[in-house]
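Protein chains: 2
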Amino acid sequence: MNKFSFDLAATDGRARTGTIHTPRGEIRTPAFMPVGTAATVKAMLPGSVRETGADILLGNTYHLMLRPTAERIAALGGLHKFMNWDRPILTDSGGFQVMSLSDLRKLTEEGVTFKSHIDGSKHTLSPERSMEIQELLGSDIVMCFDECPALPADRDRIGRSMELSMRWAARSRAAFGDRPGYALFGIQQGGLEEDLRGQSAEALREIGFEGYAVGGLAVGEGQEAMFGCLDYAPEQLPADKPRYLMGVGKPDDIVGAVARGIDMMDCVLPSRSGRTGQVFTRHGVLNIKNARHQNDPRPLDEDCTCPACRGYSRAYLHHVFRAQEMISSMLLTWHNLHYYQQLMSGMREAIAAGTFEAWQADFHAARAQRDIDPL
Amino acid sequence: MNKFSFDLAATDGRARTGTIHTPRGEIRTPAFMPVGTAATVKAMLPGSVRETGADILLGNTYHLMLRPTAERIAALGGLHKFMNWDRPILTDSGGFQVMSLSDLRKLTEEGVTFKSHIDGSKHTLSPERSMEIQELLGSDIVMCFDECPALPADRDRIGRSMELSMRWAARSRAAFGDRPGYALFGIQQGGLEEDLRGQSAEALREIGFEGYAVGGLAVGEGQEAMFGCLDYAPEQLPADKPRYLMGVGKPDDIVGAVARGIDMMDCVLPSRSGRTGQVFTRHGVLNIKNARHQNDPRPLDEDCTCPACRGYSRAYLHHVFRAQEMISSMLLTWHNLHYYQQLMSGMREAIAAGTFEAWQADFHAARAQRDIDPL
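From first to last, the protein sequence lines are chains R and P.
Residue numbers for the first sequence, in the numbering used here: 1 to 375.
Residue numbers for the second sequence, in the numbering used here: 1 to 375.
Hints were generated in silico from the structure; no laboratory data involved.
For clarity, every value in this text was computed on a predicted model and none was experimentally measured.
Here a beta-carbon is modelled for each residue, glycine too, at the ideal position from N, C-alpha and C.
The reader is advised that the hints may include incorrect statements.
[Stated by the list, open to error] For each label pair, taking beta carbons as the anchor points, the in silico distance ranges come out as:
id: 1; chain 1: P; residue 1: R160; chain 2: R; residue 2: T305; range: 37 to 47 Å
id: 2; chain 1: R; residue 1: A365; chain 2: P; residue 2: S100; range: 50 to 60 Å
id: 3; chain 1: P; residue 1: P152; chain 2: R; residue 2: T305; range: 47 to 57 Å
id: 4; chain 1: P; residue 1: N295; chain 2: R; residue 2: K106; range: 28 to 38 Å
id: 5; chain 1: R; residue 1: R50; chain 2: P; residue 2: N2; range: 50 to 60 Å
id: 6; chain 1: R; residue 1: D119; chain 2: P; residue 2: I118; range: 46 to 56 Å
id: 7; chain 1: R; residue 1: D119; chain 2: P; residue 2: S100; range: 48 to 58 Å
id: 8; chain 1: P; residue 1: H117; chain 2: R; residue 2: V285; range: 26 to 36 Å
id: 9; chain 1: R; residue 1: Q324; chain 2: P; residue 2: T108; range: 31 to 41 Å
id: 10; chain 1: P; residue 1: N2; chain 2: R; residue 2: Q324; range: 50 to 60 Å
Okay, chain R solo, but in the shape it has when bound:
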């Protein structure tokens, strides 16, 4: 199998499970993609990320183009070799982070000029340059260059932005060219407006992509509004291609998105939370810096098989967090990524078995119990 394809194996309600085939390996869906911003999933070795069950990582075009630069990574053999991860990588287009991180942006029909948040140097991103960078990186799944307005925004602004993104999607497709084994994903925009989402989906279908993302969500609209949009947006996109919800999310966001027909997600939350002491378990969220854990000999989760839970007490994890030791970030990030991947594999099994509704009820019931009582 040397080309990019998607097999849908089973559906349960609107939820789907299947496999994305790529020359670098299979991606089991629904899939959660850990974020490796600067060519590393923070506080993790790539082999450990794989051990958590990840089939694919996400890399950030914006960060990598600034440092160490896409040209340097290409000269060193591409991002996979550079960061020692031989499985699939998806890269974003850089557009979202230009808007959230850089200084002195100027947006035109052509693209965006901006100054680096690292050293103030001036750069340009356009559909053509974004495609070039993502090819230099060697990304397996390339994202169209788009514009993503923050919500709330008025309908007129959202409509004009969506139309610009659709013109950029066509330019991205043209610039990407014919690259067997690699995929280009279109990104649906249109905010929370069902008709604009529909127009965007139609425009993307006409261009034709190997996969489709629901963009412009998880930008401050809240879970209820996001789920409202996901009640129609995924089904506006082709059923025979992967559907990717960008930048989502918390565990219950992810479960709700999968229930609404999403196949792929990414989020910094499990890794970032690992560095701030926030821990995800089937009983919800706990914060390891809380004094209640100081003398607690129990693991984060008795049933978890990650190295943090197999080898260490809450008391130890509390101690190393307080002492600002790196092992705190290393173990908590590992645990959180493991938890997220367990969540995905549980959903995949339940969807395949046709028991996803019962699985969701169990998921919510376990969270409602909240963390175990202090000793």
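Put chain P on the given structure of chain R with help from the hints.
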């Protein structure tokens, strides 16, 4: 084998190789002990420390008594269980770090009172309290509580300090009591004065210990003065017990100490250097933050089998160091600890084979080549 013992297997000149047997496992000598100050070898998981070849870790009484406290660690099952390291642990007595880190110290015949550098709380250390803390931690090799004057110091000050340390050594021995399977090591003092070192060794022999440390070196006297002292100090100590040189050192310090009859060493250098970008290879020292590595596809050392050298280019390691990513500390610490343990195993083999002089010539010749040329 359920008791503490030392088998000397071979000597080559003054250099020795052998095995320390403990209920928690064997320690191959000459041994290098990575430092796990606050119940973690910084930036490493314990399993990874073991993979580098370490048979034993060092823990710091001063840090652990302040946070999370020895009593808390004891209640949680001891330091081994707390930090997930089931092999031998040596703890220092706390005396050295009280002098170097704490505030408002007051030294009397009884012991030392001081304020914590973390929160200003007041604490006392004495021979009896140090023994109690090290027992609470569950340390396999306990160090006598001593006083270590900074060098240079005048002979009179060094003599009085040594005599105090010898009285404290007797009190440490009495407080330690009879604990089969655990060892108490005496610490020779006396600065750079051969006769004072001899008197100290005599006093320690009379008390009787399971091992003997050469203390009071690597405190600013320089390598030449240290080697001068090591030309006589180890041989003043019993030949049938392990000899431990505290807080040493750079690779060439370690080789010179082994050549002078030292069996055990510890130092923060490989782990601390890993966090500051300083890398040890058989060709000496390199600094990964140097721009010459920015485009270099080669590993730190072509012949090294550590994960940093097997999976990553100098260019990658340069990038993640510059980007302040944790993986930089993780990989460089692993490499440095691996290098140190390879150094020890090379010396053990050479001493056993009676080829240590040739081994030393090779060691110095490889370092004289310095790092590989830039591309």
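Now for the hints, and whether the structure bears them out:
no. : hint                        : verdict
1   : P/R160 x R/T305: 37 to 47 Å : 58 Å, violated
2   : R/A365 x P/S100: 50 to 60 Å : 54 Å, holds
3   : P/P152 x R/T305: 47 to 57 Å : 56 Å, holds
4   : P/N295 x R/K106: 28 to 38 Å : 31 Å, holds
5   : R/R50 x P/N2: 50 to 60 Å    : 41 Å, violated
6   : R/D119 x P/I118: 46 to 56 Å : 36 Å, violated
7   : R/D119 x P/S100: 48 to 58 Å : 38 Å, violated
8   : P/H117 x R/V285: 26 to 36 Å : 33 Å, holds
9   : R/Q324 x P/T108: 31 to 41 Å : 34 Å, holds
10  : P/N2 x R/Q324: 50 to 60 Å   : 39 Å, violated
Comparing the model with each numbered hint stated earlier shows that hints 1, 5, 6, 7, 10 do not hold.
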